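Since the structure of chain F is already known, use the hints to place chain E on it.
What follows is each chain in one-letter form.
There are 2 protein chains.
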Amino acid sequence: MTYCLGILTTSGLVMAADSRTNAGVDYISTYQKLFDFSVPGERVIVICTAGNLSITQEVLTLIRRDLKGQLEHSLNTLPNMYEVVRYVGSKLREVSDTHRPWLSKDNIDHQCTFLVGGQIRGEEPFLYLIYSQGNFLQATPETPFLQIGETKYGKPILDRTLRFDTPVDAAAKYALLSLDSTMKSNISVGPPLDLIMYRTNSFEIGHRAEFVLGDPFLVKVRKFWEASLRRAFEEMPDIEWNRSHSSPSSSLVLPVPDAIATD
Amino acid sequence: MTYCLGILTTSGLVMAADSRTNAGVDYISTYQKLFDFSVPGERVIVICTAGNLSITQEVLTLIRRDLKGQLEHSLNTLPNMYEVVRYVGSKLREVSDTHRPWLSKDNIDHQCTFLVGGQIRGEEPFLYLIYSQGNFLQATPETPFLQIGETKYGKPILDRTLRFDTPVDAAAKYALLSLDSTMKSNISVGPPLDLIMYRTNSFEIGHRAEFVLGDPFLVKVRKFWEASLRRAFEEMPDIEWNRSHSSPSSSLVLPVPDAIATD
Numbered sequence: 047m048t049y050c051l052g053i054l055t056t057s058g059l060v061m062a063a064d065s066r067t068n069a070g071v072d073y074i075s076t077y078q079k080l081f082d083f084s085v086p087g088e089r090v091i092v093i094c095t096a097g098n099l100s101i102t103q104e105v106l107t108l109i110r111r112d113l114k115g116q117l118e119h120s121l122n123t124l125p126n127m128y129e130v131v132r133y134v135g136s137k138l139r140e141v142s143d144t145h146r147p148w149l150s151k152d153n154i155d156h157q158c159t160f161l162v163g164g165q166i167r168g169e170e171p172f173l174y175l176i177y178s179q180g181n182f183l184q185a186t187p188e189t190p191f192l193q194i195g196e197t198k199y200g201k202p203i204l205d206r207t208l209r210f211d212t213p214v215d216a217a218a219k220y221a222l223l224s225l226d227s228t229m230k231s232n233i234s235v236g237p238p239l240d241l242i243m244y245r246t247n248s249f250e251i252g253h254r255a256e257f258v259l260g261d262p263f264l265v266k267v268r269k270f271w272e273a274s275l276r277r278a279f280e281e282m283p284d285i286e287w288n289r290s291h292s293s294p295s296s297s298l299v300l301p302v303p304d305a306i307a308t309d
Numbered sequence: 047m048t049y050c051l052g053i054l055t056t057s058g059l060v061m062a063a064d065s066r067t068n069a070g071v072d073y074i075s076t077y078q079k080l081f082d083f084s085v086p087g088e089r090v091i092v093i094c095t096a097g098n099l100s101i102t103q104e105v106l107t108l109i110r111r112d113l114k115g116q117l118e119h120s121l122n123t124l125p126n127m128y129e130v131v132r133y134v135g136s137k138l139r140e141v142s143d144t145h146r147p148w149l150s151k152d153n154i155d156h157q158c159t160f161l162v163g164g165q166i167r168g169e170e171p172f173l174y175l176i177y178s179q180g181n182f183l184q185a186t187p188e189t190p191f192l193q194i195g196e197t198k199y200g201k202p203i204l205d206r207t208l209r210f211d212t213p214v215d216a217a218a219k220y221a222l223l224s225l226d227s228t229m230k231s232n233i234s235v236g237p238p239l240d241l242i243m244y245r246t247n248s249f250e251i252g253h254r255a256e257f258v259l260g261d262p263f264l265v266k267v268r269k270f271w272e273a274s275l276r277r278a279f280e281e282m283p284d285i286e287w288n289r290s291h292s293s294p295s296s297s298l299v300l301p302v303p304d305a306i307a308t309d
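Chains as they are written, first to last, in our numbering: chain F, 47 to 309; chain E, 47 to 309.
If you're looking for bench data, these hints aren't it; they were derived computationally from the structure.
As the structure is a prediction and not an experimental result, all values here were calculated from the model.
Each hint should be verified, as a subset may be incorrect.
Calculated cross-link-like contacts (lysine to aspartate or glutamate; reagent style DMTMM-like; alpha-carbon spacing at most 20 Å) [as the list claims (entries may be wrong)]:
{"no.": "1", "chain 1": "E", "residue 1": "230", "chain 2": "F", "residue 2": "188"}
{"no.": "2", "chain 1": "F", "residue 1": "269", "chain 2": "E", "residue 2": "284"}
{"no.": "3", "chain 1": "E", "residue 1": "269", "chain 2": "F", "residue 2": "281"}
{"no.": "4", "chain 1": "F", "residue 1": "266", "chain 2": "F", "residue 2": "256"}
{"no.": "5", "chain 1": "F", "residue 1": "269", "chain 2": "F", "residue 2": "281"}
{"no.": "6", "chain 1": "F", "residue 1": "269", "chain 2": "E", "residue 2": "280"}
{"no.": "7", "chain 1": "F", "residue 1": "266", "chain 2": "E", "residue 2": "281"}
{"no.": "8", "chain 1": "E", "residue 1": "151", "chain 2": "E", "residue 2": "140"}
{"no.": "9", "chain 1": "F", "residue 1": "114", "chain 2": "F", "residue 2": "88"}
{"no.": "10", "chain 1": "F", "residue 1": "230", "chain 2": "F", "residue 2": "256"}
{"no.": "11", "chain 1": "F", "residue 1": "266", "chain 2": "F", "residue 2": "215"}
{"no.": "12", "chain 1": "F", "residue 1": "230", "chain 2": "E", "residue 2": "188"}
{"no.": "13", "chain 1": "E", "residue 1": "230", "chain 2": "E", "residue 2": "272"}
{"no.": "14", "chain 1": "F", "residue 1": "151", "chain 2": "F", "residue 2": "140"}
{"no.": "15", "chain 1": "F", "residue 1": "230", "chain 2": "E", "residue 2": "205"}
{"no.": "16", "chain 1": "E", "residue 1": "114", "chain 2": "E", "residue 2": "104"}
{"no.": "17", "chain 1": "E", "residue 1": "266", "chain 2": "F", "residue 2": "205"}
{"no.": "18", "chain 1": "F", "residue 1": "114", "chain 2": "F", "residue 2": "82"}
{"no.": "19", "chain 1": "F", "residue 1": "266", "chain 2": "E", "residue 2": "205"}
{"no.": "20", "chain 1": "F", "residue 1": "269", "chain 2": "E", "residue 2": "281"}
{"no.": "21", "chain 1": "E", "residue 1": "230", "chain 2": "F", "residue 2": "205"}
{"no.": "22", "chain 1": "E", "residue 1": "269", "chain 2": "F", "residue 2": "280"}
{"no.": "23", "chain 1": "F", "residue 1": "269", "chain 2": "E", "residue 2": "286"}
{"no.": "24", "chain 1": "E", "residue 1": "269", "chain 2": "F", "residue 2": "286"}
{"no.": "25", "chain 1": "E", "residue 1": "269", "chain 2": "F", "residue 2": "284"}
{"no.": "26", "chain 1": "E", "residue 1": "269", "chain 2": "F", "residue 2": "205"}
{"no.": "27", "chain 1": "F", "residue 1": "266", "chain 2": "E", "residue 2": "284"}
{"no.": "28", "chain 1": "F", "residue 1": "266", "chain 2": "E", "residue 2": "280"}
{"no.": "29", "chain 1": "E", "residue 1": "266", "chain 2": "F", "residue 2": "281"}
{"no.": "30", "chain 1": "E", "residue 1": "266", "chain 2": "F", "residue 2": "280"}
{"no.": "31", "chain 1": "F", "residue 1": "114", "chain 2": "F", "residue 2": "140"}
{"no.": "32", "chain 1": "F", "residue 1": "266", "chain 2": "E", "residue 2": "286"}
{"no.": "33", "chain 1": "E", "residue 1": "230", "chain 2": "E", "residue 2": "205"}
{"no.": "34", "chain 1": "E", "residue 1": "269", "chain 2": "E", "residue 2": "280"}
{"no.": "35", "chain 1": "E", "residue 1": "266", "chain 2": "F", "residue 2": "286"}
{"no.": "36", "chain 1": "E", "residue 1": "114", "chain 2": "E", "residue 2": "129"}
{"no.": "37", "chain 1": "E", "residue 1": "266", "chain 2": "F", "residue 2": "284"}
{"no.": "38", "chain 1": "F", "residue 1": "269", "chain 2": "E", "residue 2": "205"}
Extracted from the complex, chain F is given alone in its bound form (with noise of 0.2 Å):
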């Protein structure tokens, strides 16, 4: 699996991903998922993939041959952001369609998603996700974060804390946490991890950062992190055991559709 997460607040965006990848729990090695196509002083453009391997990096390749050939709609030309998530969108529809009818008839899982995220001069941030079926979302001040690969472990800390107002320095504080309550549950999920954070209007990465297995913040953060909660729980007020319950034969039953039912 994979997780990575984007993050769209008022002063910036953060981007982050972790680096393993799994074709069963005996093929597990490491490659990079977040990749930076900025242009300094002009745009900043950045991607983390999810899912199929073959599909996403193909889709990479030829993202990075429309810039080496300098056609004319390349991640260097278009626009606005939203032209930018509607090309890598369309090059992932080129790659699917190549391979899906193959993987189809081994039952092989072709699906896999995109988190789009920079500034074009001219433009505010924009966020996007991109689905396997080359339609997209973006982040709104509702919902200013983006999660693609395995989202579970990491959005519970974030559907607590984090608002598009948040600062963007927090905010990325908030992306590792994220990532590390992900790396924690779930084995598949592992580092190196990458992080980004862009402030708005300064067209260039304002931050980069790679934490490797076993990096001393990364643990020194995990520590903390875990202390914190530990003191939380233990300044939590006791459970008030003295309400009524309803015992098993007062419960509502209501008509449902059963054959359909599930709970």
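Structure of chain E alone, referenced to chain F:
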């Protein structure tokens, strides 16, 4: 969805469940998913259910029918928790066998899972997870909690903090926070929450509570927890950005069986 959680520690057992059932987003209702079959003084048996509601309900009906008919083999007579979990598993197999062929015709999910926890005089406490196929897992000192249903959102908080020697009162708080995190991140998991705490060798449920929507204690706990997380964030060391990182071109690329690699 459902989220049910069982925790087995040296000092006791905690079982917890939400009560939201959905058959599609436009058919959401409330069903109890935590059932107490204890015989105070002699045995404590608590069952939680997740999955296809028609099947889990019918399994409980058969269990209750055996109790009412005072059959030789019932939850009141089985000599140990191992026999109890085999018995519940066999009921599940019986009900599944009846319905599976019909559900399969319309591609309806027949999967369901059970948690069975408790203690019978003469034994230590046990906690089991029964799979849809009727086989089962046991909680152990290394992995003292078992989850069914929507398990991921509530797992990081347990992975970070819970151990086999955690006092059972504290484990009950963890359980409540784990459920609350899940509710916060997945709207199909919802109150009332059912929570049971059992102390080893007491042979009766020590505490049971139901937390309805807007329960003042639940609101207090959530506020406290989110404030604690925010404070912990504020105190968290700033990211040390100055470190080596690999550029895209220097990333290690190993051969991988591309057709099946997912990241």
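Quick rundown of the hints versus the structure:
1. E:230 to F:188: The given pair, whose Cα atoms are some 15 Å apart, holds under the 20 Å limit.
2. F:269 to E:284: 14 Å, holds
3. E:269 to F:281: 13 Å, holds
4. F:266 to F:256: Holds, because 15 Å separates the two Cα atoms, which is no more than 20 Å.
5. F:269 to F:281: 18 Å, holds
6. F:269 to E:280: 15 Å, holds
7. F:266 to E:281: Holds, at roughly 13 Å.
8. E:151 to E:140: Between residue 151 of chain E and residue 140 of chain E the Cα gap is close to 19 Å, so the pair holds against 20 Å.
9. F:114 to F:88: 18 Å, holds
10. F:230 to F:256: Holds - the C-alpha atoms of residue 256 of chain F and residue 230 of chain F are around 18 Å apart, at most 20 Å.
11. F:266 to F:215: 18 Å, holds
12. F:230 to E:188: Between residue 230 of chain F and residue 188 of chain E the Cα gap is close to 15 Å, so the pair holds against 20 Å.
13. E:230 to E:272: 11 Å, holds
14. F:151 to F:140: Between residue 151 of chain F and residue 140 of chain F the Cα gap is close to 19 Å, so the pair holds against 20 Å.
15. F:230 to E:205: Satisfied, since the Cα-Cα distance of roughly 7 Å is no more than 20 Å.
16. E:114 to E:104: 15 Å, holds
17. E:266 to F:205: Given pair residue 266 of chain E, residue 205 of chain F holds - Cα atoms ~17 Å apart, limit 20 Å.
18. F:114 to F:82: 15 Å, holds
19. F:266 to E:205: 17 Å, holds
20. F:269 to E:281: 13 Å, holds
21. E:230 to F:205: Answer holds: residue 230 of chain E to residue 205 of chain F is near 7 Å, not above 20 Å.
22. E:269 to F:280: 15 Å, holds
23. F:269 to E:286: 16 Å, holds
24. E:269 to F:286: 16 Å, holds
25. E:269 to F:284: Distance ~14 Å between residue 269 of chain E and residue 284 of chain F Cα, so the pair holds.
26. E:269 to F:205: 13 Å, holds
27. F:266 to E:284: Roughly 11 Å between the alpha carbons, so the hint for residue 266 of chain F and residue 284 of chain E holds.
28. F:266 to E:280: Holds: residue 266 of chain F and residue 280 of chain E sit about 15 Å apart, inside 20 Å.
29. E:266 to F:281: 13 Å, holds
30. E:266 to F:280: Holds, at about 15 Å.
31. F:114 to F:140: Holds - the C-alpha atoms of residue 140 of chain F and residue 114 of chain F are around 19 Å apart, at most 20 Å.
32. F:266 to E:286: 11 Å, holds
33. E:230 to E:205: 18 Å, holds
34. E:269 to E:280: 16 Å, holds
35. E:266 to F:286: Satisfied, since the Cα-Cα distance of roughly 11 Å is no more than 20 Å.
36. E:114 to E:129: Given that 20 Å is the threshold and the Cα spacing comes to 19 Å, the pair holds.
37. E:266 to F:284: OK: residue 266 of chain E and residue 284 of chain F at ~11 Å, within 20 Å.
38. F:269 to E:205: Cα-Cα ~13 Å, so holds.
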